[in-house]
Structures are given as C-alpha cells and as structure tokens.
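Enquirer: Fit chain B to the known structure of chain A by using the hints.
Residue-level listing of the chains:
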Amino acid sequence: MDAQVKQPTDLDLELGLLLDAIFQKYHYDFRRYSEASLKRRVSAALPAFGCETLSRLQERVLHEPKFFNELLRFLTVQVSDLFRDPSYFRSLREKVVPYLRTYPSLKVWVAGCATGEEAYSLAIVLAEEGLLDRTLIYATDIYPDSLRKAEAGIYEVERFSRFSESYQRAGGRASLSDYYTAQYSSAVFDRALKKSILFSDHSLATDSAFAEVQLVSCRNVLIYFERELQDRAIGVLRDALCRKGFLGLGLKETLRFSAHAAAFTDFVREDRIYQKV
Amino acid sequence: MARRVEAIVIGGSAGALDALNAILSALPAGFSVPIAIVLHVSPERPSRLCELLATKCALAVREADDKEPLMPANVYLAPPNYHLLIEKKRCLSLSVDAPVHFSRPAIDVLFESAADAYGPALAGLLLSGASEDGARGLARIKASGGMALVQSPETSPVRTMPEAALRLVPVDHVLPLSEIGPFLARLGGQRTASAEDQ
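Note that the protein sequences, when read in sequence, are chains A and B. Going by this note's numbering, the first sequence opens with residue 25, and the numbers climb by one from there. Going by this note's numbering, the second sequence opens with residue 776, and the numbers climb by one from there.
Treat the hints with care, as some may be off.
Stated by the list, open to error - Covered stretches of chain B (in silico footprint by chain A; criterion: 3 or more residues with CB under 8 Å from a CB of chain A, positions within the stretch not fixed):
#1 840 to 849
#2 867 to 874
Stated by the list, open to error - Straight-line alpha carbon distances no greater than 30 Å define the calculated DSBU-like cross-link-like pairs of lysine-lysine that follow:
#3 B:Lys864 <-> A:Lys173
#4 A:Lys63 <-> B:Lys831
#5 A:Lys218 <-> A:Lys300
#6 B:Lys864 <-> A:Lys49
#7 B:Lys863 <-> A:Lys49
#8 B:Lys864 <-> B:Lys917
#9 A:Lys63 <-> B:Lys863
#10 A:Lys131 <-> A:Lys119
#11 A:Lys131 <-> A:Lys90
Claimed, not checked - One side of the interface only, derived from the structure: several residues of chain B facing chain A at Cβ under 10 Å:
#12 Glu862
#13 Lys864
#14 Ser888
Source of the hints: derived by calculation from the structure; they are not laboratory data. No residue lacks a Cβ here, since even glycine has one placed at the ideal position from N, Cα and C.
The shape of chain B in the complex, shown without the other chains:
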C-alpha cells in the first residue's frame, strides 16, 4: 500500500459496538498510528465503553482528555456529552458546542476537524448506525485527499449510516466487517494479531 496513513478516525452508532470490538481486537500492539473514535452514546450515564473495548484490544483504549497529544498505538474515545476534535497541532480537543445531528459527540465534528489536520494522511471509517451523522465528515476526508472507508451495509446491523455515506461519498473501499480489522492493521504498518501468532 503506497499511501502513508498517520491517523485513523472511526464513527458509528447503533450496531457499531460489536463491530468496533471485532475491529480493535484485530490490531496488534505495535500498531503505528493513533485512532480517534466517536460512538453515539447516551449523554447521561457514565460510559463503560472504554472498559468494554479495552478487554479485547492490544492497544491502550481511553476517553480523551482535552489537549492530549495523539500517540501511536493509542485509541481515544469521545467522552459522553463532549464533541471530540483534532487540532492541526495534532492534539485532541473537546467542546460542548451544540449537538450536531442531535448528537454530542458527533462524527462529522471529529471527521471534519481530522481532515483539516491530517489531509491526505488520514483514513476515515464509518460503521453501522441509524443516523446520517458522519457522511459529511467522510466527504470532507475524501475531498482533503484522505481515504474513505465504509462498513458494507450487508454486514451492518443498521444500514442508515453507511448508506448515507455511500450516497454522498465516492469511497475508496466498502468492506465487510470481517475484513476491516485486517485492512486497518495493514494501514497501520503491521501484520494482524492473528498473522503474528502463526
């Protein structure tokens, strides 16, 4: 793969948690790029997402703190009730600006800021979901020269989100869930965990 990806952003909503678990568990400990994620979650409850995702993932998974620098092999989740953004100085920042698509965190907010910060060195992945959040963001990533990826609607429990993206964006790859983890593992410059075990 010729292109050099320096960060990956992922967004999802309904049906995306299982997908995310499968994807993250396919990434090896030596994964060379940071990953920032927005999952739509209830704003009121404290989030158990990190613990849930960390159990099967070889990378460090945690909720983002404001102005945290993006480090390789780290997975940053948007905290409940905050938008997550990436600054040009390649650190994370948070905001409590108004919800977008009725959601805070919103995927568009992360994707659009990441596209501005990383340009062609970014890959964006949109998973299963019941909202149209993320489609515009993915379009911005593509327009900035980055790579646009979508979970195939056939493998998405809820197809609204991937289908909205496919209508709007000439994506680079539509991938079935089983292929996403290995694909990202290659993007991150490492073999998959299972390949390494062999």
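For reference, chain A alone in the conformation it holds in the complex:
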C-alpha cells in the first residue's frame, strides 16, 4: 500500500460520521478537534458503554436522549489543578498585575475552565493583589457537568498538599488554607472568591466573543484543536481582548503557527503570556 494515498480506515469513516451526528443533533462541534487524541478518547468510550463500534455509539447518540451527555465526558478533557505551572501565575502576579491595576474595573476570561481550578487560582492572585473587588471573572466550558462542579467549588482535600506547594511557588502571599474550609474529605472555596466568578457555557468552536476583557487565560485547551480550529478560537479570544490586553496559553502552546500571530507580541515568552497589539 502506498503511504501517500492511504484509504481512510473504517474507524476514520465511523469517527467522521459520529462527529457529524453529534454536530447535527446537539450542535457540539468536535469535527475539527485534533484527531489523534480524540480518536483515543472515543475508542476508550467503547468498552465503557459496552459498544463494539463507533457506529453503535452513533446510533445511541441519535436514539437515546440521555446518552450524549454521558459520552461528552469522554470527548472532553477535564484535567485541571490549582496553580498548575506555578511560574505562569508568578509572572501574572509580577508582570501582568501592574498593568491590570491601571483599569478602574477588570474583566478576566478563563476559557475552557474545566472543573474551575484555574479560575479559583486567578481569583486568589487577584484577591492578594487587592484587585478582586473590582474584577469579574468569566469562566467558561462546553461541559455542563464540569461547570456544575466548578460552581460548587468543592475539591478533594487530599489534592491540597500538592496545590499548597504550587501556590507557594507561584508567589502566594498567605496560606492556601485561608481560602477554603475543609469538611471531612472535601475542601470548599470561600464565597468571597466564588462571588467574583461567573461560570457559563461557551464553545470556542462555535460561539463568539461576549464581552471585552483585559486578560484571557486559555491553557491546554487549544492543544485539542486542529490548526484551523485553533485559528478560529484565537480569533475569538483576540476579539474579546481590549487593546494591550493579555493572553495566557499553556506552556507548550504557541501562537507561532497561528494566523493571528501578528496580532500579538510576546510579553513573557517562557510562560507563553502574550499581549494584544
């Protein structure tokens, strides 16, 4: 077989049909997600639902009303930590916050917030810098279950020793335990943090910008998109940012290959923080 004119496999065909069915019935658009990792996640759903083929998954998506929400758990990646990549939060605190201070009121957008850890991390940084009272944080995701968890702000307390360490390395000024109440095996974030965060449904694949913001944090979200979809998503983020606003990406994400590269300059190169021109 010639490598250059490879026929699509049955799995490729079925995946395309499944994603089409999901889009047409539920308007969730996974068609331009990075195929390699999406294929792994979808394949992992097969044994979980006792299905032999993606065609069988497709049938259930179309005919079983509650099935799609269960499948969505496999299609999306809901991994997050408090203060993941401490140097990123240190740079926000030391280099971006001085600019944010100059605004009388602030809007921040955490795009692809999963279960909310990133939004709470930012809220803590802004609280310690005296900015939270005049800040509204929009935290958005496409997965309703995650948004519900994020809004509840309840996490397993055993994760917090690692989170505390990251918080300190991120330049935390107090103790992470000042911000939550431990109840049995759970840690519940304070209302003071929660009331500054608005969790809502938004898709970078199908929706547009909805507010003007000074900072967007969108980390390890774009890695799940193909280049063309990345361009669409970065366009939405660019539209949302004010002039001279800041965009933070994951440590291995880059605007280097993006159609929007010229719309931004490097602000903290090693932490992938960009500033809109």
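Expert: For chain B alone, kept in the frame of chain A given last:
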C-alpha cells in the same frame, strides 16, 4: 535498504537515557527524517533532558510545541506531563489526557498515533525500560506495515520493556546498543557521523 522511512519514533524508560545519548550522537547533521521521542520522566521537575541530549547530538533537539510541523533533522521530545502524538497532517500535538501505564507521556500514545499517520513509512524503536509501555504501540506500528526495532535485552540495563515488546511483536530487528545508531543513520539516508569523518 529498499524501504523508505519518513519518520522515526523512539520510546524508553529506566536505563534508556544513556542509550539515547549514544544513539543520537551517531546521527549526522544531514539526517533526513524527523525523530519523536517519549522518555518516561518525573512530571514535577522541569526537564533537563533536551540540554543533556543536545550536547552530543548534531541534530536540533527540543521539547515539542503543540502543532509543530515535523521537520527533517529535528529531534522532538515529549514535554514532562504531556502526551506527545503525531497527527495525520504530520504535525505534533500534545494532550493532558489520562496517563497510560501510569505514565504521561506514554510511549503507546506516541507510537499508535505515529503508526496511523505514517503507516509503512515509519520505524519505531523501543529501548531499555522497567514498564510494559510501548509494546502495544510497537505492535500497531508493525501491523500498519512499519518497521519494529528493539534494543536487545542483553544490552538493556532494564529488560522489562524490550522483553514485553518481543513477547508481543514479531519485530524486524533486535539490535545491540552499539549497532542502533549506525542502523538509524542508514535508515535516515546518510552515513554515520564517524564514517563521514574518515
């Protein structure tokens, strides 16, 4: 060698760093194919692997960025705490999906995606290691018509990984460490660095 290899993927764990150093230092600057590598490393520390490997290697060695196109004579390492995959459009992509074999990055994830992207035009090499990660991936490479290579257990400080692969995969070659570098140099269409010096 009749077959045309357009990319090489390498995986290893315990005992693989020295092997990798020896292999990469045998490849000439004009090496014609890209190499993508997963080494199991601690997720918490910043990785010094690139600097370590780059010192003796004539090729450009770096941690992969998401959606970076694969270029000849470049060596791409999976960043700590990310899976590294190859897309059919022949660019790299990253994910923070769940660990596989308790590991992120996982060798199976790279190998299986690379097999889908390159089919018969791929060579996969599994080195020393203490886990069974990589065996399934190597099997997929072989099943897609690619070339499956394994470091000989006798020259592997930890034999679990190569032995797991040998149990599962009818590999093309089992090579002692000293022969791997020159073998890959031939696959990449160039003579070895030492042969060129002569």
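Enquirer: Which earlier hints turn out false for this structure, listed by number in ascending order?
Expert: 3, 4 and 11
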